[in-house]
Amino acid sequence: MKVGPRPAGVAEVALRLMARRGEGGGWTTLLLQPTDDTAVAAEDLADEMESLDGIEVERISGASDAPALVERLAGSPRPAVVTGLDEWPASEWGHLDLLRSRLARNERTALVVKEATYERILRDAPNLESWLSASVWTYQVDAALLTEEEREHRLAALRIWSGLSDEQVIARAQARALPADPEFAEWLVLLHRGDLL
Amino acid sequence: MKPHDVLRQLKQASSPFSEASDCVGIYGGEKDFKRTGNRPHFVRHDGAWFTFTLTVRAHRGQPLELIAYDFELCYPHDLLSSIHGPRFIRFDLNPPWHDNDPRALRCHMHPGHDDLLAPAPLMSPLELLDLLVTGLRLPEEPRRA
Amino acid sequence: MGRFEPSADPRNAVDRGFYVPRPGRSLAEQLASRLEIKPSASHLLVGGIGSGKTTQLLVAQEKLAANEDVCAIDIDVSLSVDPGRVDSEALLAVVGLELGQWLGNDQRVPDQIAALDYLKNYLDFPHLDAFDGLLERVGRLHLALTRRYPHVVLFIDSLDRLSDLNAFASLVEGAIKRLHALGIGIILVGPLSSLYGLGRTTADHFDRSWHLPTVDVQNDIEGRDFLLRVLRARDPGGLIRPEAAEKLAALSGGVMRDLIGLTQAAAEEAYVDGADHIERIHVETAADLFGRKQLVGLDSKELEVLQRVRTKGMFVQTSEKDLALLATRRVLEYANGRPRFAVHPTIETLLSQIAEAP
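Protein chains in written order, with the working numbering: chain A, 2 to 198; chain B, 2 to 146; chain C, -18 to 339.
In isolation and in its complexed conformation, chain A is listed as follows (with noise of 0.2 Å):
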């Protein structure tokens, strides 16, 4: 039985970040599976970020070392989403959990890296990782998205709103016969044929 971090996806991630006003700022760490792209799900945070406090958000990505890392986040007033330190290795995580008074800041923060480099801060960046507390979440890239059902859910009552059935749907869009509603375009999409929008 495997016991990690809770799965969240960046919406979430990001409300409970921005809600965290006043001092001290605040730290959350986003864990990312060895396929996930980083690169994506940081900027999708970084946005979530924007768009609830309106703030623009520093990203911070691929420095060099501790003092880098130091330097490049204390030279930022906003709040900022840090990624790029999977390549590490675990003396630099050591040296920045040696450097951690320089990373005080007033601001929120969020870390985006893979697990492994997760369990390597808890090993060899211990007194940085009491800081980062319960906020740690495992990235769940679809966390937004329909499921299955939800998604079958939605065709069905379609379906039953107009009596039409999907492949009706299909043949008349393709005729350029579709009615001008916009759940036709929603049906559409539901059943991956945007191309016909």
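Derived from the structure by calculation, the hints contain no laboratory data. No false leads were mixed into what you were given.
The calculated DSSO-like cross-link candidates involving lysine-lysine, where the alpha carbons are at most 27 Å apart (straight line), are:
#	chain 1	residue 1	chain 2	residue 2
1	C	Lys44	C	Lys158
2	C	Lys282	A	Lys115
3	C	Lys293	A	Lys3
Which chain C residues stay away from chain A? Per the calculated CB distances, all over 10 Å, these:
#	residue
4	Tyr99
5	Ser174
6	Ile262
Note that the Cβ used here is the ideal one computed from N, Cα and C, for glycine as well.
Based on these hints, arrange chains B and C on the given structure of chain A.
Leaving out everything else, chains B and C in the frame of chain A:
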């Protein structure tokens, strides 16, 4: 409504049709065609509830292109017991298809009836959300003539 | 939520009146009292991660600074020098520059200005065989300062981050010893391992060693009440329900930073739940989140060790990995009377579920 519940109601679906483009559906709650109030929706403090659907086209590196939307606000029966008002108000943006119906208005509203249309300005999704969340409040007492 | 930020500077907490003294005479009080009697003494302060060492140091410094005869200076070495590279020379330079700050710009005479330039130059361009020169300049500045303040006491933080005990020993036998010989009082936060095994010889260089223990929430009623008072000091509005506060104290395992962090997490759960108060259920959810991240990356052997600690209270450090379990707070050590070990309360239920899983 709890922030968690708000998040849970927000969903999306995508239909990629090329490497650089996606059509995306963004859903706020579930469409309630019979307006029973039994489907997932967003609830206001006055008891009115709303849902919305957006269809957009996403091109990599460019702003989203709005294809269609529908935003519907429903008033519960008990709110309407003392004030006579429409059961619902709905704002639609039809998809940009060829339409033979001379009555059709791409951007319109339905003031309480699915077959009654009136022109409406094209609004951004956030403007519409703002309107549905904070506006369109039924008065506590009817206006006197 | 800002009142419960685990990464916040402890100085802010002290300045905002969040400090709550421990039951009996707090370590800060004891340190301050002893230094009032003997300002030139040297003290070593150690404690686990998040135990509140920096807070105790700051409070002790504040108490002593109320004495007009004492110049009580707090120094976070890591802000000026990379702790991974700090040696006796660098430490002397940092101390000297701090002494110079207290002299004030308008009171510095040329040889003091020259001394400060030398020290600053050393930090920018370290070079060999500088120890005696640095010490001489520090001595010069100290002498100048004692014309205003008969006694100078340094509160030195962040040297506890040195995992290399040899490096720490070298600092103690070098710079610290020579500063002490100048008549400067010293309280130094050092690595926890300096109290054990071979590290003990380094601790013997100090007049007194102090260990800030983890509060034994299970067996120490006064300790548990202390944690509740800490929460109340930060929650004047009563957002935390009493039963939730009790749960927070218990689940923190007595680690101060974890108490603060768990409270923040519970506040966050209350927020997303749309609740007006922090209830027990929010605390339980926060504890589950906290515990889950504590279990990341553990192999089967480490899980075995944790299960043994959980079920039998047995923990014998036989390897680096075992020591790491202690350092990362998966295992907590309580020194209230008879020492005992326990797993962090937030992982107890999860470990139990793992043990029961097919």
